[in-house]
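Given chain E's structure and the hints, the job is docking chain W onto it.
There are 2 protein chains.
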Amino acid sequence: MHLEQRTRTHAFLRSRATPRALFAHADTVTWLTGYAAPLQVGPGPFAAAPPLVWYEDGEFTLIVLDSADTTGVTIPVTRYAGYTVDQPIPSAENIAAIIRQLTGHGTTPLGAETRALPAFLLPPVEITPVDGWLAPFRMVKTAEELEKLRRAFALGDLAHAAAQEATRVGAREIDVWAAMHSLVQQKAGGRIPFGNDCVVSYRENNIGGWPGDLPLRPGDSLMVDISTRVEGYWSDSCNTYYPGTPTEQQTSMRRTAADALDFAISLIKPGIPANEIDRKVREFIANAGYPVYPHHTGHGIGVAPHEEPRIVPYNSTLLEPGMVIMLEPGTYFPREAAVRLEDAVLVTNDGAEILTGHLPRS
Amino acid sequence: MHLEQRTRTHAFLRSRATPRALFAHADTVTWLTGYAAPLQVGPGPFAAAPPLVWYEDGEFTLIVLDSADTTGVTIPVTRYAGYTVDQPIPSAENIAAIIRQLTGHGTTPLGAETRALPAFLLPPVEITPVDGWLAPFRMVKTAEELEKLRRAFALGDLAHAAAQEATRVGAREIDVWAAMHSLVQQKAGGRIPFGNDCVVSYRENNIGGWPGDLPLRPGDSLMVDISTRVEGYWSDSCNTYYPGTPTEQQTSMRRTAADALDFAISLIKPGIPANEIDRKVREFIANAGYPVYPHHTGHGIGVAPHEEPRIVPYNSTLLEPGMVIMLEPGTYFPREAAVRLEDAVLVTNDGAEILTGHLPRS
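Protein chains in written order, with the working numbering: chain E, 1 to 362; chain W, 1 to 362.
Hints are not guaranteed to be accurate.
Because identical chains cannot be distinguished in the list, a pair is counted as satisfied if it fits within a single copy or across any two copies.
Stated by the list, open to error - Here are the simulated lysine to aspartate or glutamate pairs, DMTMM-like style, with alpha carbons at most 20 Å apart:
{"#": "1", "residue 1": "Lys187", "residue 2": "Glu147"}
{"#": "2", "residue 1": "Lys187", "residue 2": "Asp213"}
{"#": "3", "residue 1": "Lys280", "residue 2": "Asp86"}
{"#": "4", "residue 1": "Lys187", "residue 2": "Asp259"}
{"#": "5", "residue 1": "Lys269", "residue 2": "Glu308"}
{"#": "6", "residue 1": "Lys280", "residue 2": "Asp66"}
{"#": "7", "residue 1": "Lys269", "residue 2": "Asp259"}
{"#": "8", "residue 1": "Lys269", "residue 2": "Asp66"}
{"#": "9", "residue 1": "Lys187", "residue 2": "Asp262"}
{"#": "10", "residue 1": "Lys187", "residue 2": "Asp157"}
{"#": "11", "residue 1": "Lys269", "residue 2": "Glu307"}
No lab work stands behind these hints, which were simulated from the structure alone.
Pulled out of the complex, with its shape left as it was, chain E reads as follows:
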């Protein structure tokens, strides 16, 4: 699992004369190994560090707590003892000993993801921060990653169907949210991390936020922007729902957002710079007479719900086949009206394939 990712990483670290490295960011660990640590309740109480990956001369080792379920991981796994009733939880001492042993015996240059590595595990030798080094390699997806992403997007589609059904006058943001989260967990047959936004249009900040107990009234709308994680890979998708017949303003705003999204998708092809897409979609919204959204036009997605390439003004990265790109134009009038529509697309050799199926298309 994830051999291609490790091959890319090995080649790159060789080119940067970094024969040893300690990876600590959750996204990196999932990308290198396929292992995705449980989410939803924070770090486990018996782990002393996030899962780590040790790299040395082309060999990768996953370092995790003894109780971690690493089914499917195809690289060696080193485990450190955590839970016991015989002494205070010894996991910190145990993992520190492992890291000392791994890093202490060599004198070759050592890299580390210092933004995620807990300070107490910092090796006692000079290290090179390698945070972000792998981000460019994560942009183009492998066939295996694409399959996982397709499954995640399919689950997201189901959640949207549940949102459509749950949206009615009197329902609160959290009611719609709970209906979606329940359904995806039951369909997946297990716990699914579930994120993003579920907000009524009359919020002061109606661009996003966690669901609360605000009810839908006639004439309101509900913006539902959700992410699900399946086998370590995230979906993302947004639609806007109406508890009754949309008003004229809502219909007009939605048409503009839908047209902007279709326009954005029409721009997707290998070789186009990310910021050209960003600029043109912003212009499209402005030309339609609406305030331009204050957020990104889109972003990559994979082991993190947001990754490179960001579709933003400064980013001149050229799209390549195999990238998976979120596109999410929207329009917002605080306390009054909001619409955002978001699709995922795969960059193909000559255009784009839409990966999300939650938006009605005529």
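This is chain W only, laid out in the frame that chain E set:
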């Protein structure tokens, strides 16, 4: 909010000649400030570090991402800029600059929670690891903490009622789980981190685990051990449910677990050592002719679902009024039968008050 916690901390740090300290563990930050960062989908993509608390000469400052909702926090808050579309997310550079400024100007001893502090924020001066220093002070709850814990336990009780109702032949672990999680989120009017175990009795490891798609058959049982987080404070509680009439073995095992739990509660009073409770409850189970559970007899609870005092063989900590203690004896036959019952109790001046209400008592 949480002034008493900071007063205790200040007095202790003075006694340890540590006039400056950087706290980084999520539990510590919640305990010192009341601020509880969102869970369920992992760290936010735009934060470069967990929330931090800087302590200097009796003054506390919370350091968080610009978008963090710190409603209710009564100490100064320093924010660092994160999300922007104008440049790569600058949050790491921004928080690093803040930490450099805070730690760089002094020469007095500096403490840091090095097990949670990201390595890139490690100050360039000698530091004293202060991990775990506050654990003893967290054991005795303030009146404000007790109110939050009571609300969390009440929510857990509701989840158990939903589990009772959802337990039937054909229902899967995840179906019962989703019913509980939906209900608590709808009752709370917002997202609630929801943890622990939901496992059928015929699992190889039927002591605990995340819910999966295993169905309940006639004669099975379902062990439901759940935690909810309310305003940063956790509940914990366990019951065992039967889709039909319990078998003779199930009835007998349950009676033993219930008696062991009642016995454990009867032991709770100020002055008793934690390991005396542990030893006596294990003996109780053994004397009833059942295999003794391989886990702790119980643990403290608060800003973390497990905290001191652990009710385990090595721990001679004496109970004090104001501690909140989980007690959870169980009996397990792998692949066959399992029961665990768990209550929370408050240590009072002369005994215990049960805080959970999910277990039927005659």
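Results of checking the hints against the structure:
no. : hint              : verdict
1   : Lys187 <-> Glu147 : within (17 Å within a copy, 37 Å between copies)
2   : Lys187 <-> Asp213 : between (25 Å within a copy, 9 Å between copies)
3   : Lys280 <-> Asp86  : between (63 Å within a copy, 16 Å between copies)
4   : Lys187 <-> Asp259 : neither (32 Å within a copy, 39 Å between copies)
5   : Lys269 <-> Glu308 : within (16 Å within a copy, 57 Å between copies)
6   : Lys280 <-> Asp66  : neither (51 Å within a copy, 29 Å between copies)
7   : Lys269 <-> Asp259 : within (18 Å within a copy, 68 Å between copies)
8   : Lys269 <-> Asp66  : neither (45 Å within a copy, 35 Å between copies)
9   : Lys187 <-> Asp262 : neither (30 Å within a copy, 39 Å between copies)
10  : Lys187 <-> Asp157 : within (12 Å within a copy, 26 Å between copies)
11  : Lys269 <-> Glu307 : within (19 Å within a copy, 53 Å between copies)
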